[in-house]
Each structure stands twice: as structure tokens, then as C-alpha cells.
Amino acid sequence: MTTDAFNWTMGRRMDADVVVPFGHWTLSERAGSRDFAKKQHTKKGTALFFTSDCDRKEDMEVLTEVMDALQGSTVRGCGASECGWLQLCLGEYAGDFHFLFVAESSGCYEHPLEAIYDAFRYDLVPVYFGHKIQAGLPEHSFVDAFAMLPATDIIDYLTALVKDSDLYSAFFKWKEDHALSRLDDLCYLCDALRKNLQRQTNDVVAWWKKSNLCRLNHRFNQVHSQPHEAYIH
Numbered sequence: 001m002t003t004d005a006f007n008w009t010m011g012r013r014m015d016a017d018v019v020v021p022f023g024h025w026t027l028s029e030r031a032g033s034r035d036f037a038k039k040q041h042t043k044k045g046t047a048l049f050f051t052s053d054c055d056r057k058e059d060m061e062v063l064t065e066v067m068d069a070l071q072g073s074t075v076r077g078c079g080a081s082e083c084g085w086l087q088l089c090l091g092e093y094a095g096d097f098h099f100l101f102v103a104e105s106s107g108c109y110e111h112p113l114e115a116i117y118d119a120f121r122y123d124l125v126p127v128y129f130g131h132k133i134q135a136g137l138p139e140h141s142f143v144d145a146f147a148m149l150p151a152t153d154i155i156d157y158l159t160a161l162v163k164d165s166d167l168y169s170a171f172f173k174w175k176e177d178h179a180l181s182r183l184d185d186l187c188y189l190c191d192a193l194r195k196n197l198q199r200q201t202n203d204v205v206a207w208w209k210k211s212n213l214c215r216l217n218h219r220f221n222q223v224h225s226q227p228h229e230a231y232i233h
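Going by the UniProt record's numbering, the first residue of the sequence shown is number 1, and it counts up by one from there.
It is worth saying that the hints were derived from the structure and are not from the lab. Take these hints with a grain of salt, some might be off.
Only pairs whose alpha carbons sit at most 25 angstroms apart, straight line, appear in this in silico DSS-like list of lysine-lysine [stated by the list, open to error]: (1) Lys43 x Lys163; (2) Lys132 x Lys44; (3) Lys43 x Lys57.
Across the chosen pairs, the derived CB separations fall in these ranges [to be verified]: (4) Gln200 x Leu149: 34 to 40 angstroms; (5) Asp191 x His131: 26 to 32 angstroms; (6) Lys44 x Leu167: 31 to 37 angstroms.
Cβ atoms here follow ideal geometry from the backbone N, Cα and C, with glycine treated the same way.
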């Protein structure tokens, strides 16, 4: 593979030439499922969190404290050893948990929005540990953990949500008039062609292998070098 063989990079990555969003919001006249209170009774676990061996512990101190207090479950290696890949683990485990913990910086996700949208699709309440995220998300659709520091207050709040099905179900009210979907990826490519987009990525091979946080030569990249839903044109 040589850099000269490609014109653009394309994927759900902020550093791609053609960026494909993680999701597309539309207003929906058809209300989504409202049986979240019933679903909650089948959930035995509290929080689910995916981590990689290149995540920095100093960035996860608050998240780890809350996770330990709630006796949540951490899936290491982004789920590669347990399920093959993160998306497969989510599909298998989501029904057992109330929350998906989302770190601002993670080796498992290109961007925190990717994890938040995954939580929406699997009927989990995303709990975001990071600075303010400008995302245009529906009101009351996720928990902004850093807005309720210290950690003890976060723990108390999440514990209350687990115990009260009405409070928990309120985080899915957005499904009554919003729908999360994905447009055909080629739509974004067509837009780029019409705009005559200029190439920004010089080393396509390095871009292809690059992980969000890990150094290019980090062993995480060497073992898990497959890009997550990324394409090259």
C-alpha cells in the first residue's frame, strides 16, 4: 500500500478528509418504545465501561472511583479478547446494564460522541466524564458527570437512577420525538465531490493504522490495527 494510490481518507474519524458523522438526528412522528421501566427490571448490573491498555490512569480517576463504588464492570482491551470487538460486546452485554461510562479520551473510541451514540442505540444511559461536549444532543439524554462533582455526588445520583425506574426512564424520553439513524456513507462522499474537497492527509498508511490516543508504535496498535468503521477512497 502506497500513499500515492489514494486521493482521500474517509471514515468516522475527525482527522479524515471525508468525515462520516457517528449519527444523524431527525424528528420522528412515530414514538419510540416506552417500556424502559420494564426493561430496567431485567438489568442486573450498573455501569459498563470499555478501556484499553493505552488509556492514562490519571485521566480516569473520577470515573474509576465512581465505577468502583457502583461495582460496575470494566471490559479491557476494548472487548477484543472477550467478544472479538467492542460492538459485539455491546450487543451481548447491553441488556444487563443501566449505564455506559464514556471517557473524554479513550483508546476504544475515536471520539466520545461515538460511545454516546452507541449507548443510545443499545438503550443505555451514557454517563460522560469530560469537559463540555458541543454535540447537539437531545435534552436530558445523557448524564454530564463533571457537572455534578465531587465523585460522591455522581455516585449518589446514579444510585438514585438505578433505584427509581421513573427517573431512569426519563433519559429515554427523547425517543418520543427524535430518531437516531445513519445516512448512507456515500452521501458524504458525494458532498465532498461536489465541493471539490482538497486532500489533507499526506501519509495514508499512518492514518490507517493510527489509534486515537496510542502512539503509532504502541503494542495496542500492533495487536488491534484494524480501524473502526473507517474507509479509504
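Results for each hint:
no. : hint                                : result
1   : Lys43 x Lys163                      : 11 angstroms, holds
2   : Lys132 x Lys44                      : 30 angstroms, violated
3   : Lys43 x Lys57                       : 28 angstroms, violated
4   : Gln200 x Leu149: 34 to 40 angstroms : 37 angstroms, holds
5   : Asp191 x His131: 26 to 32 angstroms : 30 angstroms, holds
6   : Lys44 x Leu167: 31 to 37 angstroms  : 19 angstroms, violated
In terms of the numbered hints stated before, the structure departs from hints 2, 3 and 6, listed from lowest to highest.
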